[in-house]
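Residue numbers (the UniProt record's numbering), protein chains in the order written: chain A, 1 to 699; chain B, 1 to 318.
Treat the hints as calculated values from the structure; they're not laboratory data.
This structure is a prediction, so every number in the text was calculated from the model and none was measured.
Where is the CB? At the ideal position from N, CA and C, for every residue including glycine.
It cannot be assumed that every hint is accurate.
Unchecked claim - Computed Cβ-Cβ distance ranges for the label pairs, DEER-style: (1) Ile8/B <-> Asn692/A: 52 to 62 Å; (2) Gln20/B <-> Asn165/A: 28 to 38 Å; (3) Ser451/A <-> Arg264/B: 39 to 49 Å; (4) Ile43/A <-> Leu313/B: 42 to 52 Å; (5) Ser685/A <-> Leu313/B: 52 to 62 Å; (6) Gly131/B <-> Asn438/A: 39 to 49 Å; (7) Ile271/A <-> Ala31/B: 50 to 60 Å; (8) Glu144/A <-> Glu78/B: 54 to 64 Å; (9) Arg264/B <-> Glu393/A: 48 to 58 Å; (10) Glu144/A <-> Gly131/B: 14 to 24 Å; (11) Ser327/A <-> Ala205/B: 24 to 34 Å; (12) Ala31/B <-> Glu144/A: 27 to 37 Å; (13) Asp281/B <-> Thr158/A: 54 to 64 Å; (14) Ser484/A <-> Ala205/B: 23 to 33 Å.
Residues per chain, in single letters:
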Amino acid sequence: MAVGFSSYQIARSGLKVSERGLYVTGHNIANSDTVGYVRQQAIIETSPYQTVYGRNGNMLQYGLGADIQETRQIRNTFLDIIYRQENTALGYYETRSSTIEDVQAILNDPMGDGLQEIMNQFWDAWQELSKAPESLTIRALVRERGQALAHYFNQVGTQLDRLQNDLNSEIVVQIDAINRITSRIAVLNQKIATEEVAGDSANDYRDQRNLLLDELSLICDATVNEMQDGQVNITLGGYILVSKGNSRNLYVKSDSINGNFYTPMLEGTEIKVEIKSGKLKGLLESRGEVSGLKGSYSNGTPNEKVDITFAIDASLGSADLRNQIASYIDGLNKSGVDYNIRFVTMGTNSSIFKNTVYTANNIDDFLNDADLNTLFAATGTEGNFNDFISTLESLKASGDFRSDAANVAYVLSNMSINGNNGSFVTNVDAAGYINRLNNIGVKTTIVTDKSYQEQGEDALEVGWSTIAYGTGGEVLKMGTDADSFINLFSNINSNTRIAVNGNMGNIPTSTNIVSDIKIKLNSLLNAVIREVNYLSSTGFTLDGKPGVNFFKAINDDYPMEMGNFTLSDDLTGDDGLNNIVASSTIAVGDNTIARQIANLRDFDLLVDSSGKVSIDEYYRAIILDIGNRGSEAITSRDNQKVLVLSAEEQRTAISGVAMDEELSNMMKYKFAYDASSRVLNIIDSMIDKIVNSMGVVGR
Amino acid sequence: MRITNNMIIANMVRNISNNQQRENKYQTQLATGKKISVPSDDPVVAARALKLRTDVSKIEQYKKNISDAQSWLSATDEALAAIGKVLQTAREKMVQAANGTNTVEETKAIADEIKQLRTQIIHLSNSTYSGRYIFSGFKTDQKVMIDDETDPDFGKFAISVDTATRKEKIFYEVGVGDNININITGGDLFNSQDANASSRDLAVAGNTASMIQMFDDVIKHMEAGDFQQISASLDTIDAEIQNVLRVRADIGARQNRMDLTEDRIDNDFVNFTESMSLNEDIDIAETIMNLKNEENVYQASLAAGARIIQQSLVDFLH
């Protein structure tokens, strides 16, 4: 092909692509620090060639220069997915670990003077009082320490409540963030679709959208799908948030009935959106996925409920028994548990006394009931355990037992399991009884004559102890005289209180943080307060008056818990110091009660996952648990950070702007530009030669 | 792998921040002297620290209880010593009076001395320790005997102190579940020779203690100049002296037990404090070494960063 004007075009295309290359390089350099920017590359291709026929029939192809095919983003979508996945988990663990840091700061144990120190001082004050029960100075100390205990626990409660509320408001902030992101993504979706329909790629819009998706991935576990047309669909918990140019908001619902905690919901519906990971999930769990109502058991209020069933073999009837049941009930009232109590007669016609459930409100009717004598004086009804279990089962089936209450039964029988009726209780029978009782969750404590504890009427027959231990109950020895009845019922009383404490303190494991801590601290506190009050109210004051409670609830409608207890009015009044109970008799030097209260810390009052534990052990388990959760969250957070960083690093390795590379490219394009212009020059001078110098030879 | 300038910078910043965090950790450890500051630093150390701190605090309380018990016991011991001495003196006087050569006037004179001794015993029965009557059982605010000489019931038990059912024994806790009875009840000390078995060893309000009764009888015999009876009373006073000695031996044994418990608890205190320190305190030398090491790493990373970041191709293009 001869030199023609088309050669200009070739040189010009060289200039054009180099120039375009320089533009892209300049854009890259300019955006080298732009967040979310993905480097671009000018993809150059040859222009369509021209085919000409040569002289001898050969076909020759001539290139016509170069052209820009596209400005391509250098991005690896797979790494984006990895990054976002890890980022979601990072958001989750970051939130958890920071909440736990807050909780640890509130508890301030073990290195600061936290609750343990306050409790130590409280018990020590009682120790001091046990040495000088009549000393007003030491009584003042006990009151001071009691006040400190109330103050400190209440303060911890307030701080935990505040933390919980802050987390709750943070949830709203995050939901707003999700809404902002999804609506912007919807807008970008549209822009990208419009731009790309022409074939070009909307690189910078895509960068913005990717950045938003990264941001979203930190907050929640949204699923992102890119469609053929370049738009993305976003779903969260199975519900579509963004589809093409449309976005759907989330809103938070705060149910006034369920308290004021927020639940994420899908706009325009009553559908709760299930969040599985990310910052939002972390916040929900940190606050506790609980209803939040004050007084709700899921959010910390201790569960003091107990359902008690007494099965009395009527042939036992005695005035001692009746008196002791009255004192047992008095003890229940003093310990402040929320009880339901039923009295069932043993025997083939097992029936519930008056078919009535007694509570603290109507228990006096029971005690004053003239018919009560029939319960205790009746003779001839022989114990039949099978019928008794059926009675319990029907109570359970009809929903008469409260589902969240501790459920205990006390069987008083001076016969073998089947009431000495000649039938023989085998191991299999006993296992059947135990299974039935465990199915309805009744801890059965048996009070029986020693001879029936290990065996029945027949030496080979199963004894009561099998039943008691199989259901988690105890075996207590039947008394005959007044003193042994007193002992028996003080044992039954502590058995009931431990059942309540156990039901209250043994909290199923959950991933909730603040609500969990509240439940545990409240259980601990409630047990402490109830035991102190119980002991206090069984003794005498310094003035020889019957004992009074040490602590009281600020609001009687709720159980005693953090934020809802203080010293009782009797203690804060004028003769308050005298009303601290140290004595079990009216003698002022009697230190029995003070010593018993001081010893409370060493009793196995509570039950947690490891079984019966003392107050100190229970608290230690709380600290150990929060420490474990904290260190797990922190380790996971750090691991996630590494994973996110490595994904990010791989991503920038591919997509980031490398200055040296860009500068080299710049030189490359510059040289190519120079060379193309040189080509243009040459062609120009050739044309010049032809146009201006041809035909002037010899001129 | 492609390395970009931003990667280098981000890496450097991250590493320097990691270095700082580690340095900060050791600095905090040095500043507080503790291995951990919050439970999540090391949950096991935290739980153990909580336990050991509680144990140490309990031991401190038990130490206080022991020393209070010791004080009470030695106050009791002193009172018992004084009572013993009075009884000895009384016995000497009685021996002197039992001598048949004494005239009635002389024994009467001795009776006056014995009366004084009796008064002294009555006052000693109301010995106090920090304002509390030590022989009054739980009724530490009340005198065990009426010691108002103008009262016609002078010398009789003012209160009843019940010991038979072990009800008025004051216990101090000197270890977990380890209680020691620190008081001697009036009846046990003063009424051991009561003729009536049902009230023996008990103080019954309005009754006269056997020890005082013995004095009353002796005074009566002396005033009557009845040598035979005075002589016969020597057996009674011997029995009373024996009883005081028995009680003193008991107190002595309890004091011994307290001394032993104190030794043990002092050891416990040292051991627990030591465990506590081992559990939660840092090894200062090691921590300083670690800190220095981190400082070096930190400086090295700063220097390396400064060198890498300085230059790029830009510096060489013209």
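Exercise. Hint numbers the structure violates, sorted upward?
Worked result: As far as the earlier hints go, 4, 5, 6, 8 and 13 are violated by this structure, in ascending order.
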